[in-house]
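Visitor: Each chain, letter by letter, is given below.
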Amino acid sequence: MDKEPRISISVTVNGALVEAEAPARESLADFLRHRVGLTGTHVGCEQGICGACTVRFDGRIARSCLTLAAQAHGHSIETIEGVTDSGEIADLQEAFLRHNAAQCGFCTPGMLITAAEFLNSGETARRESIRQFLSGNYCRCTGYHAIVDAIAEIAGKKADA
Amino acid sequence: MPDPFVIDPGLARLSARKFVQGRGRYLDDITLTGMLHVCFVRSPYAHAKIAGIDTSAAREVGGVSHVITGRDLAPVCRPWTAQLTNLGEMKTAPQSALPVETVKWQGEPVAAVVASSRAVAEDAAELVEVDYEELPAVVDPEAALKPDAPLVHPDLGTNVAWSINIDTGEVDAALAGSDVVIEKTFSVDRQTGVTLEPRGAIADYDPAKCYLTIHLTSQVPHIQRYIYARQLGLNEANVRIICPDIGGGFGLKLHVYSDEIATAAISMLIRRPVKFTADRLESFVSDIHARGHRVSARIGVNNDGKIQALEVNDLAGAGPFLIHPRTSVIEPLLVAICTPLAYDLKHYRAGASLVYQNKVSTGQYRGVGMPVASLVAEGLVDAAARATGLDKAEIRKRNLFRDDAYPVTGISGEYLECLSQQASLDKLLKMMDYGRLQEERDAGRDKGIYKGIGLATVVEGTSPSPALYAAGGAPISSRDACTLRLEAGGNISCATGLTDQGQGGEAVVTQVIADVIGIPSNEINIVMGDTATTPFGGGTWASRSTAIAGEACLLAATEMREKILEVAAAIHEQPADILTIRAGEIFNLETNEKVSSLAEIGKTVHFNTHTLPAEFEPELIVTRHYSQREQLMVYANCALGVSLEVDVNTGLVTLHKIWAVDDCGRIINEKLVVEQMRGSIVQGIGSSLYEECIYDETGQLLNGNMFEYLLPMAGEMPDIECDHIETPTKATQLGAKGCGEAGIIAVCGAIMNGINDALEPFGVEVSSQPFTPEKILRALGKIV
Numbered sequence: 026m027d028k029e030p031r032i033s034i035s036v037t038v039n040g041a042l043v044e045a046e047a048p049a050r051e052s053l054a055d056f057l058r059h060r061v062g063l064t065g066t067h068v069g070c071e072q073g074i075c076g077a078c079t080v081r082f083d084g085r086i087a088r089s090c091l092t093l094a095a096q097a098h099g100h101s102i103e104t105i106e107g108v109t110d111s112g113e114i115a116d117l118q119e120a121f122l123r124h125n126a127a128q129c130g131f132c133t134p135g136m137l138i139t140a141a142e143f144l145n146s147g148e149t150a151r152r153e154s155i156r157q158f159l160s161g162n163y164c165r166c167t168g169y170h171a172i173v174d175a176i177a178e179i180a181g182k183k184a185d186a
Numbered sequence: 002m003p004d005p006f007v008i009d010p011g012l013a014r015l016s017a018r019k020f021v022q023g024r025g026r027y028l029d030d031i032t033l034t035g036m037l038h039v040c041f042v043r044s045p046y047a048h049a050k051i052a053g054i055d056t057s058a059a060r061e062v063g064g065v066s067h068v069i070t071g072r073d074l075a076p077v078c079r080p081w082t083a084q085l086t087n088l089g090e091m092k093t094a095p096q097s098a099l100p101v102e103t104v105k106w107q108g109e110p111v112a113a114v115v116a117s118s119r120a121v122a123e124d125a126a127e128l129v130e131v132d133y134e135e136l137p138a139v140v141d142p143e144a145a146l147k148p149d150a151p152l153v154h155p156d157l158g159t160n161v162a163w164s165i166n167i168d169t170g171e172v173d174a175a176l177a178g179s180d181v182v183i184e185k186t187f188s189v190d191r192q193t194g195v196t197l198e199p200r201g202a203i204a205d206y207d208p209a210k211c212y213l214t215i216h217l218t219s220q221v222p223h224i225q226r227y228i229y230a231r232q233l234g235l236n237e238a239n240v241r242i243i244c245p246d247i248g249g250g251f252g253l254k255l256h257v258y259s260d261e262i263a264t265a266a267i268s269m270l271i272r273r274p275v276k277f278t279a280d281r282l283e284s285f286v287s288d289i290h291a292r293g294h295r296v297s298a299r300i301g302v303n304n305d306g307k308i309q310a311l312e313v314n315d316l317a318g319a320g321p322f323l324i325h326p327r328t329s330v331i332e333p334l335l336v337a338i339c340t341p342l343a344y345d346l347k348h349y350r351a352g353a354s355l356v357y358q359n360k361v362s363t364g365q366y367r368g369v370g371m372p373v374a375s376l377v378a379e380g381l382v383d384a385a386a387r388a389t390g391l392d393k394a395e396i397r398k399r400n401l402f403r404d405d406a407y408p409v410t411g412i413s414g415e416y417l418e419c420l421s422q423q424a425s426l427d428k429l430l431k432m433m434d435y436g437r438l439q440e441e442r443d444a445g446r447d448k449g450i451y452k453g454i455g456l457a458t459v460v461e462g463t464s465p466s467p468a469l470y471a472a473g474g475a476p477i478s479s480r481d482a483c484t485l486r487l488e489a490g491g492n493i494s495c496a497t498g499l500t501d502q503g504q505g506g507e508a509v510v511t512q513v514i515a516d517v518i519g520i521p522s523n524e525i526n527i528v529m530g531d532t533a534t535t536p537f538g539g540g541t542w543a544s545r546s547t548a549i550a551g552e553a554c555l556l557a558a559t560e561m562r563e564k565i566l567e568v569a570a571a572i573h574e575q576p577a578d579i580l581t582i583r584a585g586e587i588f589n590l591e592t593n594e595k596v597s598s599l600a601e602i603g604k605t606v607h608f609n610t611h612t613l614p615a616e617f618e619p620e621l622i623v624t625r626h627y628s629q630r631e632q633l634m635v636y637a638n639c640a641l642g643v644s645l646e647v648d649v650n651t652g653l654v655t656l657h658k659i660w661a662v663d664d665c666g667r668i669i670n671e672k673l674v675v676e677q678m679r680g681s682i683v684q685g686i687g688s689s690l691y692e693e694c695i696y697d698e699t700g701q702l703l704n705g706n707m708f709e710y711l712l713p714m715a716g717e718m719p720d721i722e723c724d725h726i727e728t729p730t731k732a733t734q735l736g737a738k739g740c741g742e743a744g745i746i747a748v749c750g751a752i753m754n755g756i757n758d759a760l761e762p763f764g765v766e767v768s769s770q771p772f773t774p775e776k777i778l779r780a781l782g783k784i785v
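From first to last, the protein sequence lines stand for chains A and B. Just so you know, the first sequence maps onto residues 26 to 186 in this note's numbering. Just so you know, the second sequence maps onto residues 2 to 785 in this note's numbering.
There may be inaccurate statements among the hints.
Claimed, not checked - Facing chain A, from chain B, some residues (calculated, C-beta under 10 Å):
no.	residue
1	14
2	18
3	24
4	25
5	29
6	194
7	280
8	502
9	503
10	505
11	672
12	683
13	687
14	712
15	715
Claimed, not checked - Derived contacts from chain B toward chain A, CB cut-off under 7 Å, selection only:
no.	residue
16	21
17	198
18	249
19	707
20	708
21	720
22	721
Hint data in this document are derived by calculation from the structure and do not stem from the laboratory. A virtual CB, placed ideally from N, CA and C, is assigned to each residue, including glycine.
Assemble the whole structure, with the sequences as input and the hints as a guide.
Guide: Here it is in structure tokens:
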């Protein structure tokens, strides 16, 4: 069998430039987790269904399991580690804690990144709209109610501000 | 213990902070130096003879270090057999880490490729050539019983693994004497757990020390260590199991899986650390499945609604092996035991059989048989209400035990210590505004809007005693433990046998320890999930964490408090019984003056022993164990209501709202109880409306991926309002019962009843779970 083809990738991850050589077939999720060491991005299905691997790709949410690392060459990726360190979603994270909106925590980073996009989307803070927006992110533990509560609380505060 | 003993109910789950920051550390996040990756070659056939395995092409792939077959692993890992001798005769067969002669389900691991990366291992796995000779497969449980059925285990001479009969007598006479007899058949399809984090293991064998370290996605590290040591021929003390953060368990991660123990055996064989993580497609064909029941049942009621007699017959599928070590028997056992358990009746007969089949094994998944039992019971009670013209809440009130009747022994022999079924139902009906919902439903029917109300009043067996498993010879601990250490700085280290897959057990035991000792919760650190550093405990299953480990923590904290006060008394020459601890400081109760602090006690005991009285050598370390031995299970109860709507043109069910009132005894952390309720209710909604493992007649799983296996998503889920009644168990000082499964037990029956309530104007019913649009349209006669 031929040697695994590799490719040079230069990508901005959480504001810092990462240069690495990776197998051409490597997913962005595996690249972030095992090459960059950012394990907050989780892999639940590798099929684009569960949403645990959600990251930001040039500012918009994307499935890192369906994205090749090579596609990120020259682009900007943000992960849960980045948006935590920047403080951008600190209020949302605190709301998740207050409402017990995380149980096992496996879906939580993807859920938070999706929730942050909802809050930036200008959608109304109705529970139904939050539920629809989250429909690409599976949670097997909470039943979603507390997650909706947490996002609704922050969306309500933003609307009042 | 301080008096009054008050537990702060609002403590946030501090340990969840790491999860919202993406700092959870799950199995696949761990990398060991020199670690290789395992990929399993899995059988494409449900039943086949292995005529030969050619590994030569796979071995040629760059980066591949080993290709391993069942013959290679046989000298390292002994086969295991699951059996419980306390539940009657079980016909059971040994299972190997990798099979040598035959494969018995599609997805069974047959060989393993070890390589520098998972991707390379997968490439090479495709080149392993297994010569299969396909054998006829046993797929359907009813077909498994036919005289000419092929046998999953020819040596056993039958496909029947186990059966049970319960007969309290005079059932036929009571049915014959009933005003109304209703006969119904229920089916509950196979489903699986779909933990968002797949299973996995990282095994690291040190041949110099004969020491095996395994990072394992398990809910029960101490139990796994015992089994792994036994099967791999090691001393238990030379095996360390570390369970990192676990991305969901739900019972799925209780069992011994052949691919996981094979990973440990491979590390011993090749003397390198190796990692196995299942991908999602492997999970569907190798994680335990659950349910898969067909139940025929009869109920006899009088015109006043009183149940006279009940009869159920359950046929369930085990897969090819009874799952180790708990066996696959408990699902049908609990169908037989729990179906009548919520109700006061005099005559009951049950039969349950478990048969072998060439599908992945079934095992304990959240609710374990009880969701099937309550689906049957609640369906029959609603049918009885329809037949007698009684309201569905009223018929329950007439048949549930009175709240002041406890303790009672249920008709199937189970001891029910203290429940609040009547009060829970009353509270539920008020919460959901039952009368208004009925008016809305009736008004809608004239306009072609078919709303339905579904009720269920159920019991949840929690916190089992050793009589359930250990008495049958299985290495399953019902105990749990807590070790507390006062550190020199005056804070507390706790190590417990409990594990946490997201339930929040860590927060609960923190609360108990904080409040018993009198120390702020942020001065307690909890260690769990590591057999090298925690005392032996059963881990997390059967809704036992708070009740069992919580009690062990209460006992340890009580003793630690006494020891601390004893030291304070010695240092300050005051009687210990007039001292107390509040927020980490020690006060004299008579003068209310501060006498000392935990910081002073810690420093004195660990450094300044020269200041202590001669011959006084304090031990500020305490270990206490607790096992619940009085009741087979400590039963909790729940009343649940559903408001839904059926679109009779599409068959789609829309859930408008769910209400639940549970009684899990003393509540330690109300928010966590609510989250257990909501989470298990939504898993039950999955069972009820979406989830099914669809097999073809050759035993191929047709929808083994997350695209085709439907799960509850945020958009379709309703809001869920929860309330409680607290009837503490007297079995423990803490008084807590479990709460993790009542929701899934109650909601399946309630949704079925709600759908049938909505369909009442059409005179049709559904009783085959999941209640898909197709089945509803078929019931309505809109499709054939």
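Visitor: List, from low to high, the hint numbers that the structure doesn't satisfy.
Guide: none
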